[in-house]
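Asks: Protein chains in written order, with numbering that gives the first Met the number 0: chain Y, 0 to 88; chain F, 0 to 102.
The hints are simulated quantities; they were obtained by calculation from the structure and are not laboratory data. For every residue, glycine included, the Cβ atom is placed at its ideal position computed from N, Cα and C. Among the clues, some could well be false.
[Stated by the list, open to error] Some chain F residues judged to face chain Y by a derived CB distance under 8 Å, without partners named:
| no. | residue |
| --- | --- |
| 1 | Glu13 |
| 2 | Lys14 |
| 3 | His15 |
| 4 | Val25 |
| 5 | Val29 |
| 6 | Met73 |
[Unchecked claim] Computed Cβ-Cβ distance ranges for the label pairs, DEER-style:
| no. | chain 1 | residue 1 | chain 2 | residue 2 | range |
| --- | --- | --- | --- | --- | --- |
| 7 | F | Glu91 | Y | Glu50 | 26 to 32 Å |
| 8 | F | Val86 | Y | Pro67 | 41 to 47 Å |
| 9 | F | Gly49 | Y | Glu19 | 41 to 47 Å |
| 10 | F | Gly37 | Y | Pro67 | 30 to 36 Å |
| 11 | F | Glu32 | Y | Glu35 | 47 to 53 Å |
[To be verified] Reference listing, derived: stretches of chain F covered by chain Y, where coverage requires no fewer than 3 residues with Cβ under 8 Å from a Cβ of chain Y:
| no. | segment |
| --- | --- |
| 12 | 30-40 |
| 13 | 74-86 |
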Amino acid sequence: MRLGRVIGRVVCTQKMESFEGLPLLLVQPLDENRREAGSALVAFDTVRAGEGDLVFFEMGKEAAQAIPKGWFNPADAAIIGIVDGVSGT
Amino acid sequence: MTMGRVVANVVSTEKHPHYRGYKILVVQPVDPEGKPKGRSMLALDGVQAGIGDLVLVVDEGGSARVVLGDESAMTVRTAICGIVDRVDIEIEDSASGGRDRAP
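Using the sequences provided together with the hints, build the complete structure.
Replies: The structure is reproduced here in structure tokens:
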């Protein structure tokens, strides 16, 4: 899992059937001090996150399992939670 | 597995149901000498770790689910599976050309 900030929304009309109705968001990965850490990526949203939200996301085959429709989906990044706060830094 | 230092605690109310009830910690990977190396990651805590602890992190779904004891949490991938007490490391002694044990 990584921390990230939702920086945009990606709209796709032509897509896999299992992706219908699921928001695609543009996420900028961040470190614990909220500095940018790597390139932005596109992730599915499972928690109704919005632009500007601090979130955490999962990558790899586990992300595919986070999408509620079907048993497997061709996705490799999914937003798993909205972060209320990061303490200890 | 990766060795790392717990540097922060993440609080999240709105999250995927598979993640409910677990502590989410930020782990900064370290090299064998304890120096930070690479990007920090988030891991679910399976061993009651806390900020400042040196820990072992498993970044593989099947193993992470075993650590947490929940085989049905299919989206879980990263978990803290141990707290490191000590690292014994063999270092090159350039003066003697041999290898010595260091604490």
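Asks: Indicate, hint by hint, whether the structure satisfies it.
Replies: Hint by hint, here is what the structure shows:
Given the 8 Å rule on beta carbons, the hint for F/Glu13 holds: about 4 Å separates it from the nearest Cβ of chain Y. Taking 8 Å as the C-beta cut-off, the interface hint given for F/Lys14 holds, the closest approach to chain Y being about 3 Å. Given hint, F/His15 at the interface with chain Y, holds; its Cβ is 5 Å from that chain's nearest Cβ, closer than 8 Å. Interface hint status for F/Val25: upheld, as the beta-carbon distance to the closest one in chain Y is roughly 4 Å, under 8 Å.
Here the hint on F/Val29 is broken, as its CB sits about 14 Å from the closest CB of chain Y, past 8 Å. Against a cut-off of 8 Å between C-beta atoms, the interface hint on F/Met73 holds, since the closest Cβ of chain Y lies about 4 Å away. Distance hint check for F/Glu91 and Y/Glu50: the Cβ-Cβ separation is about 51 Å, which falls outside the suggested range of 26 to 32 Å. Take F/Val86 and Y/Pro67: their Cβ atoms lie about 42 Å apart, and the range 41 to 47 Å holds.
Against the hinted window of 41 to 47 Å, the Cβ-Cβ separation of F/Gly49 and Y/Glu19 comes to about 43 Å, which satisfies the hint. Between F/Gly37 and Y/Pro67 the CB atoms are about 32 Å apart, so this pair conforms to the stated range of 30 to 36 Å. Between F/Glu32 and Y/Glu35 the beta carbon distance is about 27 Å. The supplied range of 47 to 53 Å is therefore violated. Coverage of a stretch by a chain is defined here by at least three residues with a beta carbon nearer than 8 Å to that chain's beta carbons; for the segment 30-40 of chain F and chain Y the count is 3, and the condition holds.
Figure legend: the segment 74-86 of chain F, annotated as covered by chain Y; annotation consistent (4 residues with Cβ-Cβ distances under 8 Å, at least 3 required).
When held up to the earlier numbered hints, the structure conflicts with 5, 7 and 11 and fits the remainder.
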